[in-house]
Amino acid sequence: MHKPNDTTKKVNTTGAKTNEKPNALSSYFSHHQKTYKATFKQLLEQPLASFFTCAVIGIAFVLPALLAILLNNIQSVQHNWDGSAQITLFLKKGVPAIDGKLLSETIAKKPSITSSHFVDNDTALEEFKERFELQDAVDYLDENPLPHVILVQPDKSLKSIEHIDQIKNSLLKFPEVDGALLDVMWVQRLNSITELLQRATWVIALMLGAAVILILGNTIRLFIENRKEEIAVVKLVGGTNAFVRRPFLYMGVFFGLGGSVIAWILINLTLFMLNGPIQDLAHSYQSNFNLSGFSFESTLLLIILGMGLGWFGAWLSVRKHLDDIEPT
Amino acid sequence: MIEFQNVMKRYQDGYEALQDVSFSMDRGEMAFLTGHSGAGKSTLLKLIMLMERTTKGHVIVGDQNLSKIHKRQIPYFRRHVGVVFQNHRLLYDRSVFDNVALPLEISGVNPREIGRRVRAALDKVGLLSKEKLSPIQLSGGEQQRVGIARAVVNKPPLLLADEPTGNLDPELSEEIMSLFSQFNQVGVTVLIASHDLALISHMAHRVIEINDGRMVNHA
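Chains as they are written, first to last, in this note's numbering: chain P, 1 to 328; chain V, 1001 to 1219.
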């Protein structure tokens, strides 16, 4: 048995609690640092299990992220499209070109119309021949079968199809006009598809987000289970709930971060694999559409979201299970 | 330092561990709590630690009525009470040093101060040379001394022990008890639950006996 020496006497004579106020903040941070290092080490001790958890989270992130990217690309197509439908007015046979031109100028002055362009039937035929390489076939025709045409561009601010349709109907009232064509069906369809995708993305993101939280909650629950004795002892020697929670919250954040990194890799791999076929497809439409990938902002968002979800999942689990562990 | 006023504790299953217990201990006093197993010794200590709450009556520790301490404040209260357990309750995934450092880390003591105080506590129990070992490499008596170092490292004014010598042979038990006496000599109030009557009779300290949840022989 050791006899007490000077140092220890000093320690024990005070008998009262000590306050370390000036160092409280630095010791708080130093404890955080210690906790996350220890937690990280703990996760590395079971590399495979930790990797699987991260991978599950990562895969859950991939689907909504890819949908969001798809949506983003569709929306960029919509933005590139000049925003309004074009109305094609076919003039009646026998209306002279000069009248057509005058009518075009009149229409251009109307409100809610940006521009109007008159195309006489000869020019149209030339274009037709060139475009479809039907030189010979056209030469067989006795007369030009095409009518004069006015291409009307409604105001770009008019997004609703109904509105553009109204304009089309008002243009039909001109006596020279034989018919009008408003090719808006595809715009309508694209809009509906975009909206559908948007909602689907949200629903899937919400469901998979919930799945991530559940997976994490369960994983953390197992860790809590394994460290029951430690938690009880920490509580016995005066550990607050925040202190007990801390390592588990860090764990959730690390899992979320790992999941985000794996998701990032998977997303970029997918985009890389899809890019070739998409280029081909775009090329066949004479478009040089480029699949826009994962921007720096999106990456940042993914990581923050991942860590946030991880933290939240851990928090829920810890909240539910820590209270059950009372020292006995 | 400790005052029990007509304390009754009934567990949820209806078992009455304590019935009408009243006693008090002065600051700086040392006492043994005895009684056969199941008499309510552990329950009594748990009430002081706020591991359990009284069903009736009041427990006052220091100047605080424990019934009035909110759940959230329990951790802060416990930092002023050192506890030693029969089975040590050490954490085997970390070194002796880290085990003893735990209460200080929890209280937010800065790391340099932690090192100094942990070594002082380990020195006091004679284990300074073993700070880097895992508790599992130590003998039962040594493990109990680590438990004691952990209980006193925060310099609590009150030290509780629940059968601290329960698993030790008589010689080691006496060592452990003399260690408690030393803490008492520097002003710490010490309450030790033990049924080792032979050992207790050696030591000239007050004995509080309970039997079937009631005070006996309240000296």
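Mixed in with the good hints there might be a few duds.
Stated by the list, open to error - Below, a list of computed lysine to aspartate or glutamate pairs in the DMTMM-like style, where the Cα atoms sit at most 25 angstroms apart: (1) V/1071 - P/280; (2) V/1046 - P/230; (3) V/1071 - P/225; (4) P/173 - P/99; (5) V/1068 - V/1093.
Unchecked claim - Some residues of chain P that are not near chain V, with every Cβ distance over 12 angstroms (derived): (6) 38; (7) 48; (8) 163; (9) 213.
The set of hints was computed from the structure by calculation and includes no laboratory data.
Think of the CB as a built atom: it goes at the ideal place given N, C-alpha and C, for glycine as much as any other residue.
Results for each hint:
1. At most 25 angstroms may separate the alpha-carbon atoms for a hinted pair to count; residue 1071 of chain V and residue 280 of chain P exceed this at roughly 67 angstroms.
2. With a C-alpha separation of about 18 angstroms, the suggested pair residue 1046 of chain V and residue 230 of chain P falls inside the 25 angstroms cut-off, and the hint holds.
3. Between residue 1071 of chain V and residue 225 of chain P the CA atoms are separated by roughly 23 angstroms; this keeps the pair inside 25 angstroms, and the hint holds.
4. Only pairs whose Cα atoms come within 25 angstroms are accepted, and residue 173 of chain P paired with residue 99 of chain P is accepted, the gap being roughly 16 angstroms.
5. For a cut-off of 25 angstroms, the pair hint linking residue 1068 of chain V to residue 1093 of chain V is broken: about 36 angstroms separates their Cα positions.
6. Not every Cβ of chain V is farther than 12 angstroms from the Cβ of residue 38 of chain P; the closest lies at roughly 9 angstroms, contradicting the non-interface assignment.
7. Taking the minimum C-beta to C-beta distance to chain V, about 20 angstroms, the non-interface status of residue 48 of chain P holds against the 12 angstroms cut.
8. Every CB of chain V is more than 12 angstroms from the CB of residue 163 of chain P (nearest about 61 angstroms), matching its label as outside the interface.
9. With a least CB separation of 26 angstroms from chain V, residue 213 of chain P remains clear of the 12 angstroms interface cut-off, as annotated.
The structure fails to meet hints 1, 5 and 6 from the earlier list, while all remaining hints are met.
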